[in-house]
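Kindly produce the complete structure, drawing on both the sequences and the hints.
Here the sequence shown is numbered in my numbering, starting from 78 and rising by one per residue.
Treat the hints with care, as some may be off.
As the list claims (entries may be wrong) - Derived SDA-like pairs: lysine to any residue, alpha-carbon spacing no greater than 25 Å straight-line:
hint, residue 1, residue 2
1, K122, Q144
2, K122, L136
3, K113, Q140
4, K122, H147
5, K113, A126
6, K113, L146
7, K122, S83
8, K113, Q151
9, K113, Q152
10, K113, P103
11, K113, Q144
12, K122, L149
13, K113, G133
14, K113, W153
15, K122, D82
16, K113, S100
Claimed, not checked - Have a look at the derived ranges for each label pair, beta carbon to beta carbon:
hint, residue 1, residue 2, range
17, A155, D135, 20 to 26 Å
18, A159, A86, 25 to 31 Å
19, T81, E161, 31 to 37 Å
20, A104, R142, 21 to 27 Å
21, S83, N139, 19 to 25 Å
22, D135, D88, 23 to 29 Å
23, V85, T160, 35 to 41 Å
24, F157, R114, 23 to 29 Å
25, D135, Q91, 17 to 23 Å
26, S83, S158, 26 to 32 Å
Simulated from the structure, these hints should not be mistaken for lab results. Note that the structure is predicted; figures quoted are calculated from it, not measured. Ideal Cβ placement from N, Cα and C applies to all residues, glycine included.
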Amino acid sequence: MSHTDSDVAFDALQALARIAVMSDVPALLEQLDPTKRSHFRMARKGLEAASGNVIGSDLDPNQDRRQELHDLWQQWWAEFSATEL
78 MSHTDSDVAF DALQALARIA VMSDVPALLE QLDPTKRSHF RMARKGLEAA
128 SGNVIGSDLD PNQDRRQELH DLWQQWWAEF SATEL
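Encoded structure:
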């Protein structure tokens, strides 16, 4: 998902989000970039699908809210991985 062509990178992220499982969470967290709206939305969908966890109900949050959601997902993963992995 770190391809130099942003369309290719997004397509890879979209494919991962569709089939994501818990082991994909670290890769999805890397793509949860608050400055890239479409990447953020797709990574968030993948995180929700893989984890069964929903953080925030905002459908299209602004960048400040995306940063908050990013931080909450990071916190959730740190807590989850400390107890489950």
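Hints versus structure:
1. K122 <-> Q144: The given pair, whose Cα atoms are some 16 Å apart, holds under the 25 Å limit.
2. K122 <-> L136: Satisfied, since the Cα-Cα distance of roughly 11 Å is no more than 25 Å.
3. K113 <-> Q140: Status holds; Cα separation ~9 Å.
4. K122 <-> H147: holds, 13 Å
5. K113 <-> A126: holds, 20 Å
6. K113 <-> L146: Status holds; Cα separation ~13 Å.
7. K122 <-> S83: holds, 19 Å
8. K113 <-> Q151: holds, 17 Å
9. K113 <-> Q152: holds, 20 Å
10. K113 <-> P103: holds, 18 Å
11. K113 <-> Q144: Judged against 25 Å, a Cα distance of about 11 Å means the pair holds.
12. K122 <-> L149: holds, 15 Å
13. K113 <-> G133: Since the Cα atoms of K113 and G133 sit roughly 18 Å apart, the hinted pair holds (cutoff 25 Å).
14. K113 <-> W153: holds, 21 Å
15. K122 <-> D82: holds, 22 Å
16. K113 <-> S100: Roughly 23 Å between the alpha carbons, so the hint for K113 and S100 holds.
17. A155 <-> D135: 20 to 26 Å: The hinted range 20 to 26 Å holds for A155 and D135, with Cβ atoms some 22 Å apart.
18. A159 <-> A86: 25 to 31 Å: Given range 25 to 31 Å: holds, Cβ gap about 30 Å.
19. T81 <-> E161: 31 to 37 Å: holds, 35 Å
20. A104 <-> R142: 21 to 27 Å: holds, 23 Å
21. S83 <-> N139: 19 to 25 Å: holds, 21 Å
22. D135 <-> D88: 23 to 29 Å: holds, 25 Å
23. V85 <-> T160: 35 to 41 Å: The hinted range 35 to 41 Å holds for V85 and T160, with Cβ atoms some 36 Å apart.
24. F157 <-> R114: 23 to 29 Å: holds, 26 Å
25. D135 <-> Q91: 17 to 23 Å: Given about 20 Å between the Cβ atoms, the range holds.
26. S83 <-> S158: 26 to 32 Å: The hint (26 to 32 Å, Cβ to Cβ) holds, given that S83 and S158 are roughly 29 Å apart.
Checked against the numbered hints listed earlier, the structure breaks none of them; every hint is satisfied.
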